[in-house]
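Line by line, the protein sequences give chains A and B.
If you're matching positions, the first sequence starts at 826 in the numbering used here and goes up one per residue.
If you're matching positions, the second sequence starts at -14 in the numbering used here and goes up one per residue.
Treat each hint with caution, since some may be false.
To be verified - Stretch-level coverage of chain A by chain B, calculated; a stretch enters the list once three of its residues show a Cβ under 8 angstroms from a Cβ in chain B: (1) 871 to 879; (2) 908 to 921.
To be verified - Simulated pairs of lysine-lysine, DSSO-like, Cα-Cα distance not exceeding 30 angstroms: (3) B/Lys205 / A/Lys992; (4) A/Lys892 / B/Lys205; (5) B/Lys205 / A/Lys1030; (6) A/Lys889 / B/Lys97; (7) B/Lys203 / A/Lys931; (8) A/Lys992 / A/Lys949; (9) A/Lys923 / B/Lys205; (10) A/Lys931 / A/Lys992; (11) B/Lys203 / A/Lys889; (12) A/Lys992 / B/Lys203; (13) A/Lys923 / A/Lys968; (14) B/Lys97 / A/Lys1030; (15) B/Lys205 / A/Lys1025; (16) A/Lys931 / A/Lys882; (17) A/Lys924 / B/Lys205.
Hints in this document: simulated from the structure, not taken from any laboratory.
The model shown is predicted, which means the values in this text are computed figures rather than measured ones.
In this text, a Cβ means the ideal position worked out from N, Cα and C, and glycines have one as well.
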Amino acid sequence: MKSMRGWGVLQEVRSWFVVALAFGLVAASTRVAPAADTPPQVVRKLTDAVIAVLQEKSMSADAKRDKIRNIVVDYIDFPTMSRLVLARNWSGLNEGQKKSFIEEFKQHLSVTYGKNVESYNNEKVQITGDRDESRGDWTVQTKILRPEGGGDILVDYRLRQVSGEWKVIDLVIERVSLVSNFRSQFQDVMANGGIDRLLKLLHEKNAAGQPLKS
Amino acid sequence: MPKRMSWCGGSTLTVLLLILATPGLAQMEALPSGPPTRAQEVSAAAENDPIESVNRKIFWFNDHLDMYVLEPVAKGWHFVLPDRVETSITNFFYNLRFPIHTLNDLLQGKFKNAGIDVGRFVVNTTVGVAGFFDPATGWGLPMHWEDFGQTLGWWGVGPGPYLVLPILGPSDLRDGGGLIVDSAASITPFFVNTYILLGARAVELVNTRAQYLDVVRKAKESAFDYYTFVRNAYLQRRVGLINDEEPHEDAGQEDLYHPEGK
């Protein structure tokens, strides 16, 4: 009898334990669920969104550019990218210069990549793999498939987590990192004229490339 | 970014490359005795370009040659020929690189890739009608670029100083030297008339340039300093091609993605 009651208590405890565990899991999973997508999911969403816009037949090129710009701005971490691009020069900038650089650089990338809108030729994006990098970064490897010929293009996205969300901080196109490439060019510019010359050049280029209205 | 155009003008070029390559051979990092080390990542500060002023002049010359001769011709070519024909011509010349690719696969111990390259050549030369079509890629025999510069890099030879070669474009001491070995390994049917060979080279050059009309135009438009843009892209791409077997992070990336240190 005593042992039976002991058994019952045990049973009860166990069922409570199960319930608690279940609740705990649910609670835990609801806490996790709204949190960020994994890096491959982020890249998938980004490329799907861009291709969906490119495939729109009824939209004007300008409207497409606007839309793509908005998508890209959501997925790329421009402040981090700007800091990486300017590297050692970054710390020498005052807040105002940092802000204008981020703005101009963002504009420059969207002007440059907005130009590709017209040349869309049924390309598809395939995610071919992903890997973790040092210090928590993540790389997602993709391939742009070109059904009209010309060979596939390898594009790697490097992502970094910013307050729980994965954001793109570099694009490595056919093994050429944009951050490294811009850094190299900007170092040259800053060596002969400093940040003022760089900001002026960026501004002129953006103005000439018909900046997109925000 | 345009791939390096593989135009080899025969003996003059070889002599030129020898002149360019030999005095600096001692500057090449010593050949490794142990297992191959991985090529260093290109960080902006590490772009080794001691003869930049000379390079810039040759670059300027190449760029003008391109603007006034090659690009207009390539535009006409691209306008006249359907994309499919261009792709076929690309395939044809790529197929002829089979001995170069296979040799360099073997020199790097990439036996599987060597097998793939032999398989590609057999399939594309027969089923692919003398190499004009590329059924091999669809059959699980993908193309991949190998050259002797990559082989040297794989064995741990550093790029040495960056060089801009007349007509051939961006290179470095290691890769420029590699071109000589590769041109010796290429299929050059000596019994074919020289003019026909030259004509074939010209076709290859124009056709290759035609593949990159848009890319080059956009690169020039977006670049802040086109010379630096090309130099950085070339050096990065070469590191990537050398490390293609194991594309993983290493020392230089620490600086690239964490410039603040720590």
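- Message: Could you work out which of the previously given hints the structure breaks and list their numbers from low to high?
- Response: 1, 6, 13 and 14
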